[in-house]
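Taking the hints into account, I'd like the entire structure generated from these sequences.
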Amino acid sequence: MSKYSMHLLVCGGTSCHASESDAIVCNLRDELEAKGLVDSVQVILTGCFGFCEKGPIVKVMPDNTYYVGVKPEDVLEIVDEHLIKGRKVTRLLYKDPVTKQAVSDSKNIGIFRKQLRIVLRNCGFINPENIDEYIGREGYQALGKVLTGMSPEEVIKVVKDSGQRGRGGGGFSTGLKWELARRSVSDEKYVVCNADEGDPGAFMDRSVLGGDPHSVLEAMAICGYSIGAESGLIYIRAEYPLAIERLKIAINQAREYGLIGNNILGTGFNFDITLRYGAGAFVCGEETALIHSMEGLRGEPTVKPPFPAESGYRNKPTNVNNVETFAAIPAIILKGSKWFSSIGTEKSKGTKVFALAGKINNVGLIEVPMGTTLREVIFEIGGGIRNGKKFKGVQTGGPSGGCLTEKHLDTPIDFDNLIAAGSMMGSGAMIVLDEDDCMVSMAKFFLEFTVEESCGKCAPCRIGNKRLHELLGQITEGKGTLEDLDRLKNMSLVIKDTALCGLGQTSPNPVLSMMENFREEYVAHVTHKKCPAGQCKSLMEYVINAENCVGCTACARVCPVNAITGERKESHLINAATCIKCGACMEKCKFDAIFIR
Amino acid sequence: MSKITSLADLKKKRDELINGLDNQVKGIDPETIIQVKVAMATCGIASGAKTVMEFFLEQLERRNVAAVVTQTGCMGYCYAEPTIEVKRPGEEPVVFGFVDLKRADQIIEKYIKTGELVDGIIPVNYQSIDLKE
Numbered sequence: 009m010s011k012y013s014m015h016l017l018v019c020g021g022t023s024c025h026a027s028e029s030d031a032i033v034c035n036l037r038d039e040l041e042a043k044g045l046v047d048s049v050q051v052i053l054t055g056c057f058g059f060c061e062k063g064p065i066v067k068v069m070p071d072n073t074y075y076v077g078v079k080p081e082d083v084l085e086i087v088d089e090h091l092i093k094g095r096k097v098t099r100l101l102y103k104d105p106v107t108k109q110a111v112s113d114s115k116n117i118g119i120f121r122k123q124l125r126i127v128l129r130n131c132g133f134i135n136p137e138n139i140d141e142y143i144g145r146e147g148y149q150a151l152g153k154v155l156t157g158m159s160p161e162e163v164i165k166v167v168k169d170s171g172q173r174g175r176g177g178g179g180f181s182t183g184l185k186w187e188l189a190r191r192s193v194s195d196e197k198y199v200v201c202n203a204d205e206g207d208p209g210a211f212m213d214r215s216v217l218g219g220d221p222h223s224v225l226e227a228m229a230i231c232g233y234s235i236g237a238e239s240g241l242i243y244i245r246a247e248y249p250l251a252i253e254r255l256k257i258a259i260n261q262a263r264e265y266g267l268i269g270n271n272i273l274g275t276g277f278n279f280d281i282t283l284r285y286g287a288g289a290f291v292c293g294e295e296t297a298l299i300h301s302m303e304g305l306r307g308e309p310t311v312k313p314p315f316p317a318e319s320g321y322r323n324k325p326t327n328v329n330n331v332e333t334f335a336a337i338p339a340i341i342l343k344g345s346k347w348f349s350s351i352g353t354e355k356s357k358g359t360k361v362f363a364l365a366g367k368i369n370n371v372g373l374i375e376v377p378m379g380t381t382l383r384e385v386i387f388e389i390g391g392g393i394r395n396g397k398k399f400k401g402v403q404t405g406g407p408s409g410g411c412l413t414e415k416h417l418d419t420p421i422d423f424d425n426l427i428a429a430g431s432m433m434g435s436g437a438m439i440v441l442d443e444d445d446c447m448v449s450m451a452k453f454f455l456e457f458t459v460e461e462s463c464g465k466c467a468p469c470r471i472g473n474k475r476l477h478e479l480l481g482q483i484t485e486g487k488g489t490l491e492d493l494d495r496l497k498n499m500s501l502v503i504k505d506t507a508l509c510g511l512g513q514t515s516p517n518p519v520l521s522m523m524e525n526f527r528e529e530y531v532a533h534v535t536h537k538k539c540p541a542g543q544c545k546s547l548m549e550y551v552i553n554a555e556n557c558v559g560c561t562a563c564a565r566v567c568p569v570n571a572i573t574g575e576r577k578e579s580h581l582i583n584a585a586t587c588i589k590c591g592a593c594m595e596k597c598k599f600d601a602i603f604i605r
Numbered sequence: 599m600s601k602i603t604s605l606a607d608l609k610k611k612r613d614e615l616i617n618g619l620d621n622q623v624k625g626i627d628p629e630t631i632i633q634v635k636v637a638m639a640t641c642g643i644a645s646g647a648k649t650v651m652e653f654f655l656e657q658l659e660r661r662n663v664a665a666v667v668t669q670t671g672c673m674g675y676c677y678a679e680p681t682i683e684v685k686r687p688g689e690e691p692v693v694f695g696f697v698d699l700k701r702a703d704q705i706i707e708k709y710i711k712t713g714e715l716v717d718g719i720i721p722v723n724y725q726s727i728d729l730k731e
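Residue numbers (my numbering), protein chains in the order written: chain X, 9 to 605; chain A, 599 to 731.
Keep in mind the hints are simulated off the structure, nothing from the lab. Watch out, some of these pointers could steer you wrong.
Unchecked claim - One side only, chain X facing chain A, incomplete, derived with CB under 8 Å:
{"hint": "1", "residue": "Gln50"}
{"hint": "2", "residue": "Gly55"}
{"hint": "3", "residue": "Ile126"}
{"hint": "4", "residue": "Phe133"}
{"hint": "5", "residue": "Glu146"}
{"hint": "6", "residue": "Ser192"}
{"hint": "7", "residue": "Arg214"}
{"hint": "8", "residue": "Ser215"}
{"hint": "9", "residue": "Leu250"}
{"hint": "10", "residue": "Tyr265"}
{"hint": "11", "residue": "Leu273"}
{"hint": "12", "residue": "Asn369"}
{"hint": "13", "residue": "Val371"}
{"hint": "14", "residue": "Gly372"}
{"hint": "15", "residue": "Thr586"}
{"hint": "16", "residue": "Cys587"}
Stated by the list, open to error - A few chain X residues facing chain A, derived, Cβ under 10 Å:
{"hint": "17", "residue": "Gly58"}
{"hint": "18", "residue": "Cys131"}
{"hint": "19", "residue": "Gly218"}
{"hint": "20", "residue": "Leu364"}
Stated by the list, open to error - Straight line, CA to CA, 16 Å or less: simulated EDC-like cross-link-like pairs of lysine to aspartate or glutamate:
{"hint": "21", "chain 1": "X", "residue 1": "Lys343", "chain 2": "A", "residue 2": "Asp728"}
{"hint": "22", "chain 1": "A", "residue 1": "Lys601", "chain 2": "X", "residue 2": "Glu264"}
{"hint": "23", "chain 1": "X", "residue 1": "Lys324", "chain 2": "X", "residue 2": "Glu238"}
{"hint": "24", "chain 1": "A", "residue 1": "Lys711", "chain 2": "A", "residue 2": "Glu689"}
{"hint": "25", "chain 1": "A", "residue 1": "Lys610", "chain 2": "X", "residue 2": "Asp140"}
{"hint": "26", "chain 1": "X", "residue 1": "Lys122", "chain 2": "X", "residue 2": "Asp418"}
{"hint": "27", "chain 1": "X", "residue 1": "Lys79", "chain 2": "X", "residue 2": "Glu28"}
{"hint": "28", "chain 1": "X", "residue 1": "Lys11", "chain 2": "A", "residue 2": "Glu652"}
{"hint": "29", "chain 1": "X", "residue 1": "Lys96", "chain 2": "X", "residue 2": "Asp113"}
{"hint": "30", "chain 1": "X", "residue 1": "Lys11", "chain 2": "A", "residue 2": "Glu714"}
{"hint": "31", "chain 1": "X", "residue 1": "Lys537", "chain 2": "X", "residue 2": "Glu549"}
{"hint": "32", "chain 1": "A", "residue 1": "Lys609", "chain 2": "X", "residue 2": "Asp140"}
{"hint": "33", "chain 1": "X", "residue 1": "Lys153", "chain 2": "A", "residue 2": "Asp607"}
{"hint": "34", "chain 1": "A", "residue 1": "Lys609", "chain 2": "X", "residue 2": "Glu238"}
{"hint": "35", "chain 1": "A", "residue 1": "Lys730", "chain 2": "X", "residue 2": "Asp82"}
{"hint": "36", "chain 1": "X", "residue 1": "Lys415", "chain 2": "X", "residue 2": "Glu524"}
{"hint": "37", "chain 1": "A", "residue 1": "Lys685", "chain 2": "A", "residue 2": "Glu714"}
{"hint": "38", "chain 1": "A", "residue 1": "Lys610", "chain 2": "X", "residue 2": "Asp30"}
{"hint": "39", "chain 1": "X", "residue 1": "Lys343", "chain 2": "X", "residue 2": "Asp169"}
{"hint": "40", "chain 1": "A", "residue 1": "Lys708", "chain 2": "X", "residue 2": "Asp47"}
We put the beta carbon where it would ideally sit given N, CA and C, even for glycine.
See the structure below:
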């Protein structure tokens, strides 16, 4: 057994690190040495506790004591009082924000944590390739409950009352969607799971399907029972081989147990699920395009109405929901609509999974109740901006969303607030940008994506986005004018109003919101021909500071286009006309003589 | 696998799984055995989780440690892949991040064998729901 009877876990997350967790560890080790405790108490630096606001954090095991805001000088008291005398240091304990009572056992601290996992409840716990582990965690119980004791109308009512809104991005009421599909009269109906996750930086659906595939299968069967469908289809992109593999295993195991197939649980209800592969076209995430793609047609959207609930796959009533929407359904059925609707904000209930990416310390997959602020997500759970840089913005909703800035940090995240702030929920990708990111280049990047992914059916999207992209390109090259900014805006608004489907209607969002929130940066590009973030190569100039240059010739030798001239031991010069701005000289210079103007 | 033909059947199956009857049949005693879970989502595998899992399977057997090594899905800590969770009998599970073969070796020698913690612990930073009614 361990020679240690106690462990002190000190948060070594980047944010706590900045607030002296190293010094705390150092002091602790010194103090333990001095008191002769080194052999019985072990000090360990850990990853981020997701509680940065209260950092640095020291957790004492095994008694689960959670000290917050610890300073290096507090170490003496912790060692003397807690470790030696066994009395907890009350003033450093975490305090319940409501009752102001100190929480002495961190087992009770869970509810103060920012993250709540409903959709991700099984991800990272169970073996996705073993149905027994899912069943052991109440798997398929919701399906059993529904099939044996609830009418389809009752199920729809529970889902409706829960207030859940579609997690694919649109935010339409799930229960209402089911109700519309139920009302459509037909000999055949279909349940479709939209797993065509295409936003850059999004990996929520992949993780759920790869980590907990049965939750989606179970929910699809529940949906099938509610709307009166016997077939389910999962439309998943072929670029997700692991998720596909695990889904196949899951479907086979569920069939073997008879949890999907004929006469499920002896109730006479039949429901089977098959897979359909997408070739990775972004537009196929739009439900009408998705349905066409499944039918073997070109993945192009059509005008709604008719909605898929009336006429969808093979012209039959079809209910399309996103992976994340489905994954929450078994929990809603088992725990009830009241429980689900008690989480979140007035109009957005439950939790939302986000994929944190970009210039953030804790890149990862998180799930928070609706209404959590961007600040909590980025600076606490996400651990703040990488390399101590300054936060500039966060792109939510992928290429269809907008860029939120510092002034939006305290906005509670929900469907309506994000739209009011000029962005959208989207599927849940959050790309965090720091001071080094140029907002013109970012807008150009997202448009490049939509231009590439436009199906070309309608002119506003096919031609309009291409023009927007060209204009942005000119601005990054210093060829833009102030009038171009107006042109960008007008054209964007026209595209939004006239494009056929969601892809085109939302593609100008990044440009619009970035121009709105970072107007001065756009102006700097067109009037001063400067890129404040130093990203636009055409607007930069590499210059040698004659005072620092010793004439070592290292830069001239590394320059791939021979743009640097100068005699040995004399200061050098960069010929701006030949320079391709590769930055090799600056990297090579040992005297900090080269800078960007 | 035999079919589950009614809700009562399904509940029975669940209870058996929760009570570990299945483990007993296989001869695994959760009171004495170490459980290692390797996060094998796409990103984990891309950063080397497969090699880590093989290492644990091979080395735990070679070093005569009674353990079950299984795979699981995404734990959410992309920044710290590969990640694993180790549960010692009767203790709370601990998650370790940045597990390369060197750290995997440390985890076996120190944490698994003696209970001594090693660097790279990722504290639980979320609350999860329990579906039991």
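Results of checking the hints against the structure:
Evaluation of the Gln50 of chain X hint against chain A yields a held restraint, the C-beta minimum of about 6 Å falling below 8 Å. Among the interface hints, the one on Gly55 of chain X holds; its C-beta lies about 4 Å from the nearest C-beta in chain A, closer than the 8 Å criterion. Because the smallest distance between the Cβ of Ile126 of chain X and any Cβ of chain A comes to about 5 Å, under 8 Å, the interface hint for this residue holds. With its C-beta approaching chain A no nearer than about 6 Å, Phe133 of chain X sits inside the 8 Å limit, and its interface hint holds.
With a least beta-carbon distance of about 4 Å to chain A, the hint placing Glu146 of chain X at the interface is held under the 8 Å criterion. Proximity of Ser192 of chain X to chain A is violated relative to the hint, the smallest CB-CB distance being about 29 Å (cut-off 8 Å). Given the 8 Å rule on beta carbons, the hint for Arg214 of chain X holds: about 6 Å separates it from the nearest Cβ of chain A. Here the hint on Ser215 of chain X is kept, as its CB sits about 4 Å from the closest CB of chain A, short of 8 Å.
Proximity of Leu250 of chain X to chain A holds as hinted, the smallest CB-CB distance being about 5 Å (cut-off 8 Å). The beta carbon of Tyr265 of chain X comes within 5 Å of a beta carbon in chain A, closer than 8 Å, and the hint placing it at the interface holds. Taking 8 Å as the C-beta contact cut-off toward chain A, the hint placing Leu273 of chain X at the interface holds, the least distance being around 5 Å. For Asn369 of chain X, the interface hint holds, since its Cβ comes within 8 Å of a Cβ in chain A; the closest pair sits about 7 Å apart.
Contact between Val371 of chain X and chain A, as hinted, is supported at the beta carbon level, the nearest pair being about 4 Å apart and thus within 8 Å. For Gly372 of chain X, the shortest C-beta to C-beta distance to chain A is roughly 4 Å, which falls under 8 Å, so the interface hint holds. Contact between Thr586 of chain X and chain A, as hinted, is not supported at the beta carbon level, the nearest pair being about 40 Å apart and thus beyond 8 Å. Proximity of Cys587 of chain X to chain A is violated relative to the hint, the smallest CB-CB distance being about 36 Å (cut-off 8 Å).
About 3 Å separates the beta-carbon of Gly58 of chain X from the nearest beta-carbon of chain A, less than 10 Å, and the hint is met. For the restraint placing Cys131 of chain X at the interface with chain A, the shortest Cβ-Cβ distance is roughly 5 Å, inside the 10 Å limit, so the hint holds. Interface hint status for Gly218 of chain X: upheld, as the beta-carbon distance to the closest one in chain A is roughly 5 Å, under 10 Å. For Leu364 of chain X, the suggested interface contact is upheld, since its CB lies about 8 Å from the closest CB of chain A, less than 10 Å.
Of the pairs offered as hints, the one joining Lys343 of chain X and Asp728 of chain A holds, with about 9 Å between alpha carbons and a cut-off of 16 Å not exceeded. A threshold of 16 Å between alpha carbons decides the hint, and for Lys601 of chain A with Glu264 of chain X the separation of about 6 Å falls inside it, so the pair holds. Under the criterion of a C-alpha separation no larger than 16 Å, the hint pairing Lys324 of chain X with Glu238 of chain X is consistent with the structure, at around 12 Å. Only pairs whose Cα atoms come within 16 Å are accepted, and Lys711 of chain A paired with Glu689 of chain A is accepted, the gap being roughly 14 Å.
For the suggested pair Lys610 of chain A and Asp140 of chain X, the alpha carbons sit about 12 Å apart, so the restraint of at most 16 Å is met. Straight-line distance between C-alpha atoms of Lys122 of chain X and Asp418 of chain X comes to about 14 Å, which keeps the hinted pair within the 16 Å bound. The hinted pair formed by Lys79 of chain X and Glu28 of chain X meets the criterion: a straight-line CA distance of about 7 Å does not exceed 16 Å. In summary, the hint linking Lys11 of chain X to Glu652 of chain A is not supported, as the alpha carbons are separated by about 29 Å, beyond the 16 Å threshold.
For the suggested pair Lys96 of chain X and Asp113 of chain X, the alpha carbons sit about 10 Å apart, so the restraint of at most 16 Å is met. Our distance criterion of 16 Å between C-alpha atoms is met by Lys11 of chain X and Glu714 of chain A, whose separation comes to about 8 Å. Distance restraint check for Lys537 of chain X and Glu549 of chain X: the Cα-Cα separation of roughly 11 Å lies within the 16 Å cut-off, and the hinted pair is therefore satisfied. For the given pair, Lys609 of chain A sits about 12 Å from Asp140 of chain X by alpha-carbon distance, which is consistent with the 16 Å threshold.
Between the alpha carbons of Lys153 of chain X and Asp607 of chain A the distance comes to roughly 13 Å, so the proposed pair stays at or under 16 Å and holds. Taking the CA atoms of Lys609 of chain A and Glu238 of chain X, the gap is near 24 Å; set against the 16 Å cutoff, the hint is violated. The hinted pair formed by Lys730 of chain A and Asp82 of chain X fails the criterion: a straight-line CA distance of about 42 Å is larger than 16 Å. Under the criterion of a C-alpha separation no larger than 16 Å, the hint pairing Lys415 of chain X with Glu524 of chain X is consistent with the structure, at around 13 Å.
For the hint pairing Lys685 of chain A with Glu714 of chain A, the CA-to-CA distance comes to about 13 Å; that is within 16 Å, so the pair holds. As the CA atoms of Lys610 of chain A and Asp30 of chain X are separated by approximately 52 Å, the hinted pair breaks the 16 Å bound. For the proposed pair Lys343 of chain X and Asp169 of chain X, the alpha carbon gap of about 13 Å is at most 16 Å, so the pair holds. Taking the CA atoms of Lys708 of chain A and Asp47 of chain X, the gap is about 14 Å. The hint holds against a cut of 16 Å.
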